[in-house]
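Asker: What follows is the residue order along each chain.
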Amino acid sequence: MAFNEETVANVANLARLNLTDEQKQKFAGEVDGILNWVEQLQEVNVDGIEPLVSVTEQTDAIRADVVTDGGIQADLMKNAPESAHGFYVVPKMVE
Amino acid sequence: MTDLINLHISEAADLLAKKEISSVELTRAHLAEMEKGRVLNAYITETPERAMADAEVSDKRRANGESLGALDGIPIANKDLYCTKDVRTTAASKILSNFLPTYESTVTQKLKDAGTVMLGKVNTDQFAMGGSTRTSYFGESKNPWTDANGEYALTPGGSSGGSAAAVAAGLCMGATGSDTGGSIRQPASFCGITGIKPTYGRCSRWGIVAFASSLDQAGPMARSVKDCAIMLESMAGYDKKDSTSVNTPVPNYLSALTGDIRGKKIGVPKEYRMDGMNEDVAKVWDKGIQFLKDAGAEVVEISMPHTKYALPVYYIIACAEASSNLSRYDGVRYTTRVEGATLDDMYKNTRTDGFGDEVIRRILLGTFVLSAGFYDAYYTRAQRVRRLIAEDFKKAFETVDAIVAPAAPTPALSFADMANMDPVSTYLGDVFTTPSSLAGVPAMALPVGMSSNGLPIGLQIIGKHFDENTVFQVADVMEKSAGFNLMPHRVKG
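Residue numbers (this note's numbering), protein chains in the order written: chain A, 4 to 98; chain B, 1490 to 1982.
With the rest of the complex left out, here is chain A:
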């Protein structure tokens, strides 16, 4: 399939990126090249092969549902570009 400028615009929106027309053209070409190259995976017979998710065949780790830290609000806010009263501040989203 062709990864064209329309696809790149759609994917960029999903990934919350703003691309200029020039960037769209550049990335469309490059990603299309990569997708053509990965096409070779279509020739592999994967019938009955389960997807590999964990190389160490680990099962999910379970722990008690308790607070293990807490009291670190000031720490969390330290790297916030904007905060007030111990909360993150974002642009207004409800009219």
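Think of the hints as simulated: they come from the structure by calculation, not from any bench.
One should not assume that every hint holds.
Said to hold, decoys possible - Where chain B lies over chain A, by a calculated footprint (3+ residues, C-beta under 8 angstroms):
id: 1; stretch: 7-20
id: 2; stretch: 27-39
id: 3; stretch: 48-57
id: 4; stretch: 60-69
id: 5; stretch: 75-88
id: 6; stretch: 92-98
For each residue, glycine too, the CB sits at the ideal point set by N, CA and C.
Put chain B on the given structure of chain A with help from the hints.
Answerer: Using the frame of chain A, we list chain B on its own:
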């Protein structure tokens, strides 16, 4: 007086133990060398005050008879992907260029607890995405090995290129690296040093800026197999803060260095011998195989039929995971924000401004392969082929104890050559390292020979899951046979 920069960690540890040198002297010597070596752009952030303070504390501890062991007082560098409390951690990106972690990664904490002295944070490709450090927001690092004209014109490799350049030039005694698809092993090969990517799950990933979570693994880089063994023993171990770290005892890695590999069976995968292979790399590989035979190992040809699919599988899986991991950089939590009229505009402006081209390219590819309608055709298929690749290793290890292969398809490339390469061509540099990354097995790179134009070439020793011991054992013998001069490649001036 001993030239302190030339010492291996193991040698310095002996001298420190005998009180013939102090950590302060050792640290001061490295800080001076770092200043001289700034032309290499290996460090993003130097932490000289912290280093001197760490060294003084170490010397005091030793004077009180409370030494913490072989790493106590040893100056090291940390890849700038490891969160270090109150020390800027950038992932070599613009978006994190002012990020001051309020916590310490598990691995750097363990190294701190072992008494190491932190010299600073070293360069990497942006978010570890690349094999050259060219994608770093802070500019590329230079390989201390020069080109034919004596210029610093070669890449140290990547992503752990700052680590490799610093270790090779004597700007630190050892460094942390991280390896997702070859990011420890390829730069080790390019700079003529050693480095090991341990088994996935051996080291905690907690506090390491995430790239591709099912592949990322921490590991040490140093100037000898023994030094890597010393460092890894401190870095490894189960951590309940990383549920993918594996709760299994960490063996004594130094005890693996027996110097005896008689009777070991070593596999040479025939699919790694590719058409048009670089002649120098092929020669060094043959030389390495001969070293193992001479040491009494049995070398056999093996087949790993899915090898050629590792690269495309890797790029689909790594980019998919990256697109998910990097969604956290939203302009709300991590220091950088570019304002916009709406929340979505703010997200978009922040991310577009904060990520470099390679990162954007991988987010686009990753988002695409995870999007509705394409998920099964790309992502699920890649995961299925990943199982076939892992099974190739499983089958191989039914008959062999370890595998020997090149670490990179070429010696270090020049920046001029790389400037004209398209993305797919640069991705081909990971051809020998991605299969073992996808299988999660441990693999070590060490320098074994030189190219016709005088650059180091490394080989890889690959082992079974959690069998770093055999990897170290074989690598140690290879290192001694190769007799590669692992003195720092000093910066002129």
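Asker: Within the assertion that chain B covers the stretch 48-57 of chain A, do at least three residues meet a Cβ-to-Cβ distance smaller than 8 angstroms?
Answerer: This one holds; 7 residues, not fewer than the three required, reach chain B with a Cβ under 8 angstroms.
Asker: Examine the stretch 27-39 of chain A: at least three residues should have C-beta closer than 8 angstroms to a C-beta of chain B.
Answerer: holds (count 6)
Asker: So is the stretch 60-69 of chain A in contact with chain B by the C-beta rule, three or more residues under 8 angstroms, or is the coverage claim wrong?
Answerer: With 4 residues close enough to chain B, the hint holds.
Asker: Establish whether the coverage given for the stretch 75-88 of chain A by chain B is satisfied; the threshold is a Cβ-Cβ distance below 8 angstroms, and no fewer than three residues must meet it.
Answerer: holds (count 8)
Asker: Within the assertion that chain B covers the stretch 92-98 of chain A, do at least three residues meet a Cβ-to-Cβ distance smaller than 8 angstroms?
Answerer: Check passed, 3 qualifying residues.
Asker: Examine the stretch 7-20 of chain A for residues whose CB is less than 8 angstroms from any CB of chain B, and state whether their number is three or more.
Answerer: holds (count 8)
Comparing the model with each numbered hint stated earlier shows that all of them hold.
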